[in-house]
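Going line by line, the protein sequences match chains A and B. Residue numbering for the first sequence follows my numbering, beginning at 1 and increasing consecutively. Residue numbering for the second sequence follows my numbering, beginning at 1001 and increasing consecutively.
Honestly, the hints are just simulated from the structure, not real lab data.
Away from chain A, derived, C-beta distances all over 10 Å, residues of chain B:
no., residue
1, Thr1026
2, Gly1033
3, Asp1044
4, Val1112
5, Leu1114
6, Pro1129
7, Gln1163
8, Leu1168
9, Phe1181
10, Ile1188
11, Phe1196
12, Ser1202
13, Val1212
Beta-carbon label-pair distances, calculated as ranges:
no., chain 1, residue 1, chain 2, residue 2, range
14, B, Val1175, A, Gly13, 31 to 37 Å
15, A, Ser108, B, Pro1119, 41 to 47 Å
16, B, Lys1081, A, Val170, 29 to 35 Å
17, B, Asn1197, A, Asn37, 53 to 59 Å
18, B, Gly1226, A, Lys75, 27 to 33 Å
19, A, Ser108, B, Phe1046, 56 to 62 Å
20, B, Val1165, A, Gln130, 25 to 31 Å
21, B, Asn1197, A, Gly104, 45 to 51 Å
22, B, Ser1207, A, Asp68, 43 to 49 Å
23, B, Asn1197, A, Thr11, 44 to 50 Å
24, A, Gly104, B, Thr1191, 50 to 56 Å
25, A, Ile93, B, Ile1020, 19 to 25 Å
26, A, Val293, B, Lys1081, 50 to 56 Å
Glycine is no exception: its CB is placed at the ideal position from the N, C-alpha and C atoms.
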Amino acid sequence: MNIVVENLTKTYGVQNAIDDISFEVKTGQIMGFLGPNGAGKTTTMKIITCFMAPTKGDVRVGEYSIKDEQEFIKKRIGYLPEHNPLYTDMPVIEYLTFTAKLQGVSKSDMNTQLKSMIALCGLDKEKHKQISELSKGYRQRVGLAQALIHDPEILILDEPTTGLDPNQIVEIRNLIKHIGEQKTVILSTHIMQEVEATCDRMMIINNGKIVADGAPTTIRKQAQGHEVLQICIEDGPSENILSGLQNLATVKSVDINPKNQNHFVIESINDESSKRAIFQLCVQNGWVITELVPVEKSMEDVFRKLTLN
Amino acid sequence: MKQIWTIAIREFRAFFDSLIAYFLITIFLGLTGLFTWLPVFNSDVFFNQQANMQPFFAIAYWAMFFFIPALSMRMLAEENKSGTLELLLTKDVTDWQVVLGKFVAVMLLVIVALLFSLPFYFTIAWLGPIDHGAVICGYLGIILMSAAYAGIGIFASSITSNQIVAFLLALLIGVMFLMVFGGLAASIGGTLGKVFNYMSISTHYESMSRGVLDTRDIFYFLSIAGLGLLLAETVLSKRKATH
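Kindly produce the complete structure, drawing on both the sequences and the hints.
Okay, here's the thing in structure tokens:
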């Protein structure tokens, strides 16, 4: 089941929380929604899950529109909201049963669904505990379990790994990847590695507008621009090496490390690589390359570049 | 329908898990028992020398006024505060089903409390000639009045995320219907006075507790209950409105 967002706008007073955004998530994709706080991620998710109505625009889930076919949509979506609100006065199993009943899981399927969810989310030891007794990591798992219990085709996860420790994060991520093999997933996060690790596709949203949309590697390459290399060249006088590098046709700029005269940062001109030219230069002069490290723009840098304006 | 019941059962269980049900039933039975059976304020059956449930109904009238806002205060206010309402409304339920489910839970607890009071009825019936019709009518009156309070209480809970505000607001609205309108009716004459008289709970409850089953009274209580629930549902659905 795919999700099509068309010209979605949500205005609070005079502010546009989201401003005329459109995108499509195809069946089976895991899409990562990235953005600073207040960018509009949660608002978009609340609209897709039919919690609130947009000011303008429409969302179609499969062939159903959020405008008048909400019952159909709500049945097919599993939602894990930010802060993972749960009824803390209920035991895990009772809560999952309650959620399952609300979502139309039949009596005959109930036991099998409960068992498989509890197994999938690793809740077996905790299933009789009250939710208030669980740690944050386990509460997050309960939140995921309630989102999945009715086997929805679509999962909307708002910051599913916030507040978890590194081990728990890895577990939840693997869980999401595993589930995402058959379902359409939209997840929002601040963590760049998460997007690269779990998602096929990512969107960066800022101030209510989409500023990037594509596969994580593609976006990084786009933001990269020119090649940057960190290089250590020895067995030659530093000034000669410097001028030799600067004279290369593909090199845009060379910075020398003040702490180590043999260490340079070389930026190439657009769409060109200087690696071969540098190698040839060193061979001609008898210099030795002891270190050659490509500097890749991290997702953090990409994110910063696209959202700080 | 099933959804309403699922929600109602969950809320009902939560009353007992949080112990509030035990407290309120004990206080309710304690108070009504005290005034019905013991010579406090000379209202008890032995003082009255009449085999009827009037003392019980008179106290229940006041007890419910406090009892029900205490039950309903948490129902939507806590969900607003913790964010569970957001999650609930994205499930395959309508706003109406949520509101009605909570209403049914309150009424269920009221009926449980009243069931526990049946021994009073049986004892008085054994002690003397009791008008059974009047007693049944009186119980019906309590249930209807509780329904009205429940409607008010759930509405009050829907517009805030603070339980205490919900409780006080429900009491405030209840006081209007319980005392203010009655007072105004007494001091203002003419048509306006008659209107206030009709809007006052005491007018309607009194006749029911004496065994008079008037459709106007039934209509009155159900209207208040309905209005309260309608307003609560409107509050919930406002978030769906485009503005």
